[in-house]
Each structure stands twice: as structure tokens, then as C-alpha cells.
Amino acid sequence: MDLALAPAVNEPAASPSRAEISPDASLLSPEIASRLAQLSILSRRMADARRRGRRKNRRPGAGVELLDTRPYVVGDDPRRIAWSAYARLERLVVRLAADEAPLRLALVLDTSASMRFGAPTKLRQATRIAAGLAAVALSGEDRVAAVASSSREIESMRAGGGRAGMAKLFGMLDGLGAAGETDLSAAATAATHAAGGRALCVILGDLLDPKGALAGARAARERGHEVTIVEVLDPFEIDPPELDDLDLEDDETGEIVVMPAHGARAAYLEALAEHRARVDEGAAELGAPVLRVSTAEPFDVVIGDALAAGLLRGGGLQ
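The numbers in the numbering used here rise by one with no breaks, and the one at position 299 of the sequence shown is 316.
Keep in mind that the hints were calculated from the coordinates and are not lab data.
Some clues are possibly wrong.
As the list claims (entries may be wrong) - Per label pair, the in silico range of CB-to-CB distance:
{"hint": "1", "residue 1": "L265", "residue 2": "R87", "range": "36 to 44 Å"}
{"hint": "2", "residue 1": "A102", "residue 2": "E302", "range": "38 to 46 Å"}
{"hint": "3", "residue 1": "A313", "residue 2": "R175", "range": "32 to 40 Å"}
Think of the CB as a built atom: it goes at the ideal place given N, C-alpha and C, for glycine as much as any other residue.
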């Protein structure tokens with residue numbers, strides 16, 4: 018049981034005063050639909066390039082305008098290696114060119130049993146964030162694919178666009194349930210097929226994967242995707258009460274973890290911080306930014322802050 022997490026970083030700004038969203042609200046409910054509509058309006062107010070269905074992405078692309086370089090990671094096209102820079106630096110870097118093709122967005126959601134914890138559940142928050150990102154991308158004439166994965170099954174929707182694609186995607190996300198164990202590495206292969214090519218792959222889950230929190234990110238990166246990781250946790254998991262003498266059950270395996278009589282909370286928080294540090298280190302090696310989210314945060318505020326940080330510009334959060 019890979020427990021871990023300390024106070025969240027990259028927290029969005031405080032939500033404006035407005036009606037609370039009920040924990041079990043459907044993506045198709047008026048309260049959620051109105052907020053998704055506002056995100057669509059926000060996207061249409063972005064750069065002119067978005068309205069034409071094009072944007073300049075800072076990533077290894079087919080464009081000719083050189084923007085920058087970054088360290089080479091597994092999955093990068095070897096043709097983009099800057100050999101002249103290698104001669105100077107003695108390390109591999111790739112050229113970041115302006116790629117003006119429409120964005121392909123591949124949403125990968127962890128639907129394992131641990132995601133059913135909380136109110137709203139971690140899965141409900143993850144689907145809301147995924148729906149918000151999709152609303153923004155589809156309003157910009159981009160294409161969105163989705164994969165939901167656990168050890169029990171993989172459900173996928175191929176890349177689509179427009180109102181019809183949005184309705185189909187929201188229906189899929191709204192019907193997801195949490196069961197089984199985590200298997201995000203298998204989801205990466207499905208995401209490649211669903212996206213129809215290289216994409217910005219956004220992985221949403223609690224990162225409590227016994228096979229390794231970054232297994233899905235590594236698999237996606239090896240297939241050439243840009244990757245952003247969204248960690249979704251319940252406030253109880255981030256800042257728990259005293260845990261002394263409690264028995265905790267792993268939702269995915271049924272394993273019972275007996276907490277010590279003294280110092281359980283401090284030990285948990287230490288393990289959480291170590292887990293996050295390992296995730297951050299591994300994600301940095303993959304060139305994958307990590308966005309940390311609580312289920313208590315309004316999903317549309319999370320999306321607004323992520324967009325301001327450059328989540329859909331390619332190359333992840335800036």
C-alpha cells in the first residue's frame with residue numbers, strides 16, 4: 018500500500034462565492050453543465066490561434082520556428098535531437114519547435130477501487146476535471162480521446178470533436194465506476210490507439226499504484242506522448258486526523274494495515290512526503306509536470322489556474 022502525500026502544492030486561487038456543488042452531482046446536471054459552459058466561453062476568449070483551431074506548442078514538433086530546447090527523455094523523436102548543442106553540453110537535448118497542428122488531448126483516468134473514497138469521490142473530482150479540460154479543448158476545435166482503466170477493464174473513446182464528441186465524452190465520464198486495482202501502464206497503450214497519434218496525455222488519479230505511481234506516465238512517454246500528471250486526493254488523505262490504533266483497509270487489495278499505538282499520523286505524513294518526492298523526481302526525469310488537487314477544490318477553479326499555467330499549450334505546465 019503506497020501511502021503518501023503532504024499539503025497540496027499548486028493550489029488554485031480561492032473560489033468566488035457561489036452555490037456549492039453537491040458531491041454526487043452528475044456531469045449532465047445543470048449545476049455542472051453551467052460551469053462547463055463557462056469554461057468553454059473562457060477558452061473562446063483565449064488567443065486568436067485557438068479560434069482558428071491552431072496554437073503554437075512548445076514541444077518537439079514539425080514546425081520550423083525554433084523556440085527552445087529541453088533534455089531528451091525516452092519517447093522523444095531522435096530526429097529532434099540538437100546535435101550541435103550536444104557537442105557543447107555533452108548531454109542530449111531536443112529542439113522545441115512551433116507546432117501549429119490542432120492539439121490531440123488524451124485523458125487517462127484511474128478507475129481503481131481506491132478512487133471511490135471521499136465525498137465527492139476522487140473519481141468524481143477526476144471526471145469533473147477531465148470534463149473541464151475537454152470542454153476547453155473541444156471549444157478550440159481540438160480533438161479529445163479518453164481512457165478509463167483499472168485491472169478489471171479498460172474503457173476507451175476514440176478522439177472526437179464538436180458537440181457530438183463532447184456529449185459522447187461526458188456520457189462516458191459520467192458513467193464511470195471505481196473497482197479493481199490500478200493498471201495505468203496498460204492504459205497508455207489504449208490511449209495511443211484512442212488518440213490516433215501522439216497527444217498531450219493527461220493522467221488523472223491518486224497515484225497510489227502498487228506497480229509504481231509513474232508506470233502510466235512512463236508508458237505514455239515511451240509512446241511519444243507529452244504527459245501531465247494530475248494527482249487527486251481527498252483532504253483526509255492529505256491532512257488526516259490522529260490515526261493511532263486504527264485499522265485501515267486497502268480498497269483495492271483488502272489488505273488490513275494496523276496503525277501503531279503512537280505517532281501514526283506523523284509516520285503517515287512522513288511516508289506521504291517521501292512518496293510525493295519520489296513522484297516529483299520521476300516526473301521531472303520524464304519532463305512531466307505534476308498538478309496536485311484536492312476533492313474539496315472547485316473543479317472549474319482548478320481548470321482556470323491550470324490553463325493560466327499553460328496546461329493546453331503543449332509541453333505541460335510552464
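Hint check:
1. Remark: the range hint 36 to 44 Å for L265 to R87 is upheld by a beta-carbon distance near 40 Å.
2. About 19 Å separates the C-beta atoms of A102 and E302, a value inconsistent with the hinted range of 38 to 46 Å.
3. As the Cβ distance of A313 to R175 is approximately 33 Å, the hint placing it in 32 to 40 Å holds.
The structure fails hint 2 only (numbered hints given earlier).
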